[in-house]
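A.B. asks: Each chain, letter by letter, is given below.
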Amino acid sequence: MKNGIGRIATATFTYGFLGLMAFLSIFPFIWMVLGASNSSIDIIKGRILPGEAFTANVGKFFTTVNVPLVFWNSAKVAIFATVLTLAVSSLAGYGFEMFRSRHRERVYRAMLLTLMIPFAALMIPLFIMMGKAGLINTHIAVVLPSIGSAFVIFYFRQSTKAFPSELRDAAKVDGLKEWQIFLFIYVPVMRSTYAAAFIIVFMTAWNNYLWPLIVLQSNETKTITLVISSLASAYYPDYGVVMVGTILATLPTLAVFFFMQRQFVQGMLGSVK
Amino acid sequence: MSELQLSDVRKSYGGFEVIKGVDLDIRSGEFVVFVGPSGCGKSTLLRMIAGLEDITSGDLTIDDVLMNDVDPSKRGIAMVFQSYALYPHMTVRENMGFALRFAGVPKAEIEKRVSEAAGILELGPLLDRKPKQLSGGQRQRVAIGRAIVRHPKIFLFDEPLSNLDAELRVHMRIEIARLHKQLAATIIYVTHDQVEAMTLADKIVVMRGGVVEQVGSPLDLYDDPANLFVAGFIGSPKMNFLKGVIEAADGRTYARLPDYGDARIPVNARAAPETRVTIGIRPEHFNDQGSASLDLTIDMLEHLGGETFAYARHGNGELVVIETKNGRGLKAGERIAARFDPACALVFDADGKRLR
Chain A
1 MKNGIGRIAT ATFTYGFLGL MAFLSIFPFI WMVLGASNSS IDIIKGRILP GEAFTANVGK
61 FFTTVNVPLV FWNSAKVAIF ATVLTLAVSS LAGYGFEMFR SRHRERVYRA MLLTLMIPFA
121 ALMIPLFIMM GKAGLINTHI AVVLPSIGSA FVIFYFRQST KAFPSELRDA AKVDGLKEWQ
181 IFLFIYVPVM RSTYAAAFII VFMTAWNNYL WPLIVLQSNE TKTITLVISS LASAYYPDYG
241 VVMVGTILAT LPTLAVFFFM QRQFVQGMLG SVK
Chain B
1 MSELQLSDVR KSYGGFEVIK GVDLDIRSGE FVVFVGPSGC GKSTLLRMIA GLEDITSGDL
61 TIDDVLMNDV DPSKRGIAMV FQSYALYPHM TVRENMGFAL RFAGVPKAEI EKRVSEAAGI
121 LELGPLLDRK PKQLSGGQRQ RVAIGRAIVR HPKIFLFDEP LSNLDAELRV HMRIEIARLH
181 KQLAATIIYV THDQVEAMTL ADKIVVMRGG VVEQVGSPLD LYDDPANLFV AGFIGSPKMN
241 FLKGVIEAAD GRTYARLPDY GDARIPVNAR AAPETRVTIG IRPEHFNDQG SASLDLTIDM
301 LEHLGGETFA YARHGNGELV VIETKNGRGL KAGERIAARF DPACALVFDA DGKRLR
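As given, the protein sequences belong to chains A and B, one line each in that order.
By UniProt numbering, the letter at position 161 of the first sequence is numbered 161, and the numbering carries on one by one without gaps.
By UniProt numbering, the letter at position 256 of the second sequence is numbered 256, and the numbering carries on one by one without gaps.
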């Protein structure tokens, strides 16, 4: 048994370590909020106290950027990408798990191998494809490559293993066709899996930077990540304004997470209860 | 109520045959139980009847209509699953009315049928609950209710009581028997629990390795098993099997237990002397009035209050289980002469077939 001093030392170390990790996690957010209230010069000087330039920074951001259009572009891309990815990937995951065929596992493994291909290697062929399809500078070009996500298909297949096959049998006896079983039984039963996947896919789509940077070329089509990046890479970047933009860009993903965190945790643990 | 026929029904997965030609007639209103050890094909056969597994060859007819390629929902069957298979996102009422809704039955009719079934199964107060808010027994009743509302020709039960605790299992067993009487329905019931089979069935189908070993009423199978497997499978504790040999004496044929002195069992069937056979004696057939006896030493005793199971061993290593009402005075290590009536013993040939 440990003595009192040993216990206190262990607890101090544990909480100290956890506190440090928590601080490191939350520091970018604190820095972002404090930065938004300071002028660019104060931020460069390293001021980490709340300043008085918040209103001015917000004003500058709204005059520099067409905020409604940029947010509409981001929302359009993120929502379409998320809905289509969930629809296609959950169908694929369901199919991989439910239907037996001789080559099922080979096809599945081949699909998983695509996870190892870096996006940088796909970028140029994808750009050429989109160019040939006449989709450059459209939001469809941003959404299309993300729809068939090997990772999300993998996630849905693994989760579908917990879906009781007897529910499918019962639905067949009740007279449902396969698509009806998917829509009326599988989707509602697996809603926690969908919620977790929604958060992951939405955040990825909302924060997507590299591919939109390549295919979206006019200001009218640009998303929030591209706009913030262009503000930060200006000849005289105004970091206070950049921080305001970053706060606004973070809000939708935070809101999605806060509203769905319970389902997210359930979905990550295993969705069928 | 409906009749069902299986004619040379087979099922293969790739080149592996799991159901090897089953012929079976099930009469209207019968309670038929499929029993057998794990992997014997009883659940697969039930799923083939339900339409959840394809039939590789052979015919399945219900009321003389070929059903091999008919959708499960159009066969006039309803199925109760081992894990209940209730839709977790629906209330009890929605679960019970779901199939009817998809069949296009008018709302008022659905409500009427759900209420009727809820009345039969005492589910009235639970209709607006979700499955996760119900106990195991209540879930099972909902699963049965879901089957009842469809007014099926045939009810299929796939090990419906396996997930319940012992007390609830007995209760639900009685409920199912009562339901069978009340609905006068044709029921096909799969279980590996022979107590369920013996207590519920009008007719038991004993299966092994995809083959029907014997079909008959529970007591027929108990009293008159066709082979060693059925004799061993029906009855608890299991029938004792001892090595024997055929001998002829006084113009009659007997099976003798060479290791146990004079014990002889008359055999009516023809068998050549010195043929090796197996003699089966049920534990409950040992009694003090028996004319034959086995000299044994008690290994272990199980006192159940009303009766005692004595696990006794012969010098040749054979273990014999004896059931007795007067076993309280017995002690482990004690030598006994276990008496039995030779007329109750059964004789099986070297292939396990019954010699009658």
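Derived from the structure by calculation, the hints contain no laboratory data.
From a predicted model like this one, the values you see are computed outputs, not experimental measurements.
Positions of the beta carbon are idealized from the N, C-alpha and C atoms, including for glycine.
Treat each hint with caution, since some may be false.
Cut-off 25 Å, straight-line C-alpha distance, at most; resulting in silico cross-link-like pairs (PhoX-like, lysine-lysine) [said to hold, decoys possible]:
1) B/Lys353 with A/Lys161
2) B/Lys203 with A/Lys172
3) B/Lys153 with B/Lys203
4) A/Lys172 with B/Lys132
5) B/Lys107 with A/Lys177
6) A/Lys177 with B/Lys353
7) B/Lys353 with B/Lys243
8) B/Lys331 with A/Lys172
9) A/Lys161 with B/Lys132
10) A/Lys172 with B/Lys107
11) A/Lys177 with A/Lys161
12) B/Lys112 with B/Lys203
13) A/Lys177 with B/Lys74
14) A/Lys76 with A/Lys161
15) B/Lys130 with A/Lys172
16) B/Lys153 with A/Lys172
17) B/Lys331 with B/Lys238
18) B/Lys353 with B/Lys203
Short, incomplete list of chain A residues facing chain B, as computed with Cβ under 7 Å [claimed, not checked]:
19) Glu166
20) Leu167
21) Asp169
22) Ala170
23) Val173
24) Gly175
25) Lys177
26) Glu178
27) Pro188
28) Val189
A.B. asks: Evaluate each hint against the coordinates.
C.D. replies: Okay, the hints, checked on the actual structure:
1. For the hint pairing B/Lys353 with A/Lys161, the CA-to-CA distance comes to about 45 Å; that exceeds 25 Å, so the pair is violated.
2. Taking the CA atoms of B/Lys203 and A/Lys172, the gap is near 28 Å; set against the 25 Å cutoff, the hint is violated.
3. Taking the CA atoms of B/Lys153 and B/Lys203, the gap is about 18 Å. The hint holds against a cut of 25 Å.
4. Pair hint A/Lys172 plus B/Lys132 holds up; C-alpha atoms about 22 Å apart against a cutoff of 25 Å.
5. Restraint check: the Cα-Cα separation between B/Lys107 and A/Lys177 comes to about 21 Å, which is no more than 25 Å; the hinted pair holds.
6. Taking the CA atoms of A/Lys177 and B/Lys353, the gap is near 47 Å; set against the 25 Å cutoff, the hint is violated.
7. The hinted pair formed by B/Lys353 and B/Lys243 meets the criterion: a straight-line CA distance of about 14 Å does not exceed 25 Å.
8. Simply put, B/Lys331 and A/Lys172 have alpha-carbon atoms about 58 Å apart, too far for the 25 Å limit, and the pair is violated.
9. The suggested pairing of A/Lys161 with B/Lys132 holds, with an alpha-carbon distance near 20 Å, which does not exceed 25 Å.
10. Taking the CA atoms of A/Lys172 and B/Lys107, the gap is near 21 Å; set against the 25 Å cutoff, the hint holds.
11. At roughly 20 Å between alpha-carbon atoms, A/Lys177 and A/Lys161 fall within 25 Å of each other, so this suggested pair holds.
12. For the hint pairing B/Lys112 with B/Lys203, the CA-to-CA distance comes to about 33 Å; that exceeds 25 Å, so the pair is violated.
13. Pair hint A/Lys177 plus B/Lys74 holds up; C-alpha atoms about 12 Å apart against a cutoff of 25 Å.
14. Restraint check for A/Lys76 and A/Lys161: the C-alpha separation of about 32 Å exceeds 25 Å, so the hint is violated.
15. In summary, the hint linking B/Lys130 to A/Lys172 is supported, as the alpha carbons are separated by about 21 Å, within the 25 Å threshold.
16. Proposed proximity of B/Lys153 and A/Lys172 is supported: the alpha carbons are some 17 Å apart, at most 25 Å.
17. With a C-alpha separation of about 22 Å, the suggested pairing of B/Lys331 with B/Lys238 holds against the 25 Å cut-off.
18. Pair hint B/Lys353 plus B/Lys203 holds up; C-alpha atoms about 21 Å apart against a cutoff of 25 Å.
19. Interface restraint check for A/Glu166: the shortest CB-CB distance to chain B comes to about 4 Å, inside 7 Å, so the restraint holds.
20. Taken as an interface hint, A/Leu167 checks out: its beta carbon lies about 5 Å from the nearest beta carbon of chain B, inside 7 Å.
21. Proximity of A/Asp169 to chain B holds as hinted, the smallest CB-CB distance being about 5 Å (cut-off 7 Å).
22. Nearest Cβ of chain B to the Cβ of A/Ala170: about 4 Å, under the 7 Å cut. The hint holds.
23. At its closest, the beta carbon of A/Val173 sits 5 Å from a beta carbon of chain B; the interface hint therefore holds under the 7 Å criterion.
24. Because the smallest distance between the Cβ of A/Gly175 and any Cβ of chain B comes to about 3 Å, under 7 Å, the interface hint for this residue holds.
25. The restraint placing A/Lys177 at the interface with chain B is violated, with a minimum CB-CB distance near 9 Å, outside the 7 Å limit.
26. Below 7 Å, beta-carbon pairs count as interface contacts, and A/Glu178 has none with chain B, the closest being about 12 Å; its hint is therefore violated.
27. About 4 Å separates the beta-carbon of A/Pro188 from the nearest beta-carbon of chain B, less than 7 Å, and the hint is met.
28. Annotation: A/Val189 was flagged as interfacial toward chain B, and the flag holds, the nearest CB pair being 6 Å apart, inside 7 Å.
Going through the hint list in order, the structure does not satisfy hints 1, 2, 6, 8, 12, 14, 25 and 26.
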